[in-house]
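Visitor: So the chains spell out like this:
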Amino acid sequence: MIENTRLQTSYNFGFIDESTKKEIRRKLLKAVAIPGYQVPYSSPEMPIARGWGTGGLHVTLSLIQKQDLLKVIDQGSDASVNACSIRQFVQRMTGCEVTTDTAAATLIQTRHRIPEEILTEKQILVFQVPQPEVLRPVERLENRTRQMHAEADYARMWVSLYESFVRYGSLMRGAGYPVKVNGRYLMSPSPIPRWDVPNLSHAKCLYLFGAGREKRIYAVPPHTLVEPLEFEDVRFRVEDWGGLNCSYSGQGDAFLDEIYDAAGVRKFVVNDSNFLDKLRTGEPRPPQRLFRESQ
Amino acid sequence: MNDWLLRVRNLTKIYGEPDGGTIDRTGPRASTNICSQTGAIVACADISFDLYPGEVLGVVGESGSGKSTLVQLLYFDQEATAGEVLLQAVEEGNANLLTLSGQRKRYLRNHLLGMVYQNPRDGLNLNFSAGGNIAEKLIMAGQMHVGKMRERSLHLLAQTEVPTQRMDQTPRTFSGGMQQRVQISKAIANNPPLLFLDEVTSGLDVSVQAKVLDMIRQLQADLGISMIVVSHDLGVIRMLTDRTIVLKHGRIVETGLTDQILQDPQHPYTQLLVSSLL
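Those protein sequence lines, which keep their order, are chains A and B. 218 is the number that the numbering used here gives to position 138 of the first sequence; each next residue is one higher, with no gaps. 189 is the number that the numbering used here gives to position 60 of the second sequence; each next residue is one higher, with no gaps.
Everything labelled a hint here was simulated from the structure, so no lab data went into it. Hints may be right or wrong, so weigh each one.
Derived lysine-lysine pairs resembling PhoX-like cross-links, with alpha carbons at most 25 Å apart [what the hints assert, rightly or not]:
1) B:277 - A:260
2) A:110 - A:260
3) A:260 - A:284
4) B:234 - A:260
5) A:260 - A:295
6) A:110 - A:284
Here are some chain B residues pointing at chain A (derived, C-beta under 7 Å) [as the list claims (entries may be wrong)]:
7) 265
8) 275
9) 328
Owing to the predicted nature of the structure, the values given are computational and were not obtained by experimental measurement. Where is the CB? At the ideal position from N, CA and C, for every residue including glycine.
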């Protein structure tokens, strides 16, 4: 009778094997050394499909340590299915503590938002990126876009902004507004709203971007200049709610969601769930970086 | 004498894998541009000429004689196999442009050169508006002011007689002649000292041809741009150019003043070309 021997009784700390982690960390170092440059990496198999946050998971799992406090958000919310599954998975694979408190977390994985609360030098923000190639909308061939990056040939992206201005009267791009990092590489900030874009520049924390399906990692190191593309006479603008406040907290100056309640009444609500919770406790408002005055 | 603008020496483009005898086995004397031993195709070989400021140089020859390859090499669309291209504006004419980095080449292309292709689809991005296409060229040369770009585009389109109210439409919806004029606007957007025109009027009907030619002549007179005009049509060559190069099987077979070549052709091939002109 064949005995069913279980060769492996548990997973490695952080699911990914140590040599692959090492490879990912090495690529992360390269990404930090060349701000905004897309570094190809192995993108190993994960128990979730590529394109569902694997890039973020690779970065998170190769960085996480036993003492880390993890927070996972999906479009500002700690409670969405994607955020919950990823948080539980990392917790099971590492035994690390998790939190929803932005200020307390040391490692934050996010999808499509930067938390409203100011991040510090002790924190790392990991983005899940669906499409790392910022030039893809204007050039479909990978070898061409790589050459364009190599030669800093970004005219076509500028023309597409010119076109959007001519057609719609403003630089229309709801999410993933193209930015120039450290005066050199054009970068997709992942589909964060324009509201979050100024937050990338000269931040205290480290921003890491993982695109699992496209097998690319890139980074914005702390205190790095990140400029949204804008013309001399047509400037970049963040979203403007025209003085509207959040229906739950009564406060403004945060990225607002437009929602309809059960009665069909339109409401605006602060998108960042942890930030909203803190606003509703009535305690002093958590510190934020706001950029509205520059317009 | 350093009064030339562009100097081309022994410019050669060979497709395939040539051996030492390929150049000798091709050309007008061999009456082919395909090497009998290696199968390599000699698109053009040993092309040498000077272009002077404000001069319009014609390049004639039958199809396949290497005319278009020649201007594409000069505009860096293709990489040359051998040869030297010097531009007076670049390091006082001491730098071979063909060996510069891709970035430098693109800089020269955007600041000093302009190209009008036979097919507007090659020179224009039909997903962008007419104004956007011109803006692209301006942006490439460092213009970052939308208002000024639009002003310049309007001026150029008016100059080339494209209805300015159609500036924000894509050239896809334009007629062939209008597309060609948008392409010319784009090519001259940065006031380049040197412009390449590759069969600009082929495929246009005769009255439109005449208009486009008139316009090019007007621009040349107003702006004093040097031009290289490629055409198989001797009418175009006669109307636009001062001096002409005749190409056959990738070689220069005759060169001289346009009038002289048309009145008194020396090479048998040129004689054939001129006599077949109705």
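Visitor: Against this structure, judge whether each hint is valid.
Guide: Checked hints:
With a CA separation close to 23 Å, the supplied pair residue 277 of chain B and residue 260 of chain A stays within the 25 Å bound. Restraint check for residue 110 of chain A and residue 260 of chain A: satisfied, since their Cα atoms lie roughly 18 Å apart, inside the 25 Å limit. Taken as a hint, the residue 260 of chain A and residue 284 of chain A pair is honoured in the structure, with Cα atoms around 18 Å apart against an allowance of 25 Å. This hinted pair checks out: residue 234 of chain B and residue 260 of chain A have alpha carbons roughly 23 Å apart, not beyond 25 Å.
At most 25 Å may separate the alpha-carbon atoms for a hinted pair to count; residue 260 of chain A and residue 295 of chain A meet this at roughly 21 Å. Restraint check for residue 110 of chain A and residue 284 of chain A: satisfied, since their Cα atoms lie roughly 19 Å apart, inside the 25 Å limit. Taking 7 Å as the C-beta contact cut-off toward chain A, the hint placing residue 265 of chain B at the interface holds, the least distance being around 5 Å. Among the interface hints, the one on residue 275 of chain B holds; its C-beta lies about 5 Å from the nearest C-beta in chain A, closer than the 7 Å criterion.
Because the closest C-beta pair between residue 328 of chain B and chain A is about 26 Å apart, greater than 7 Å, the hint is violated.
Violated hint for the displayed structure: number 9, the only one.
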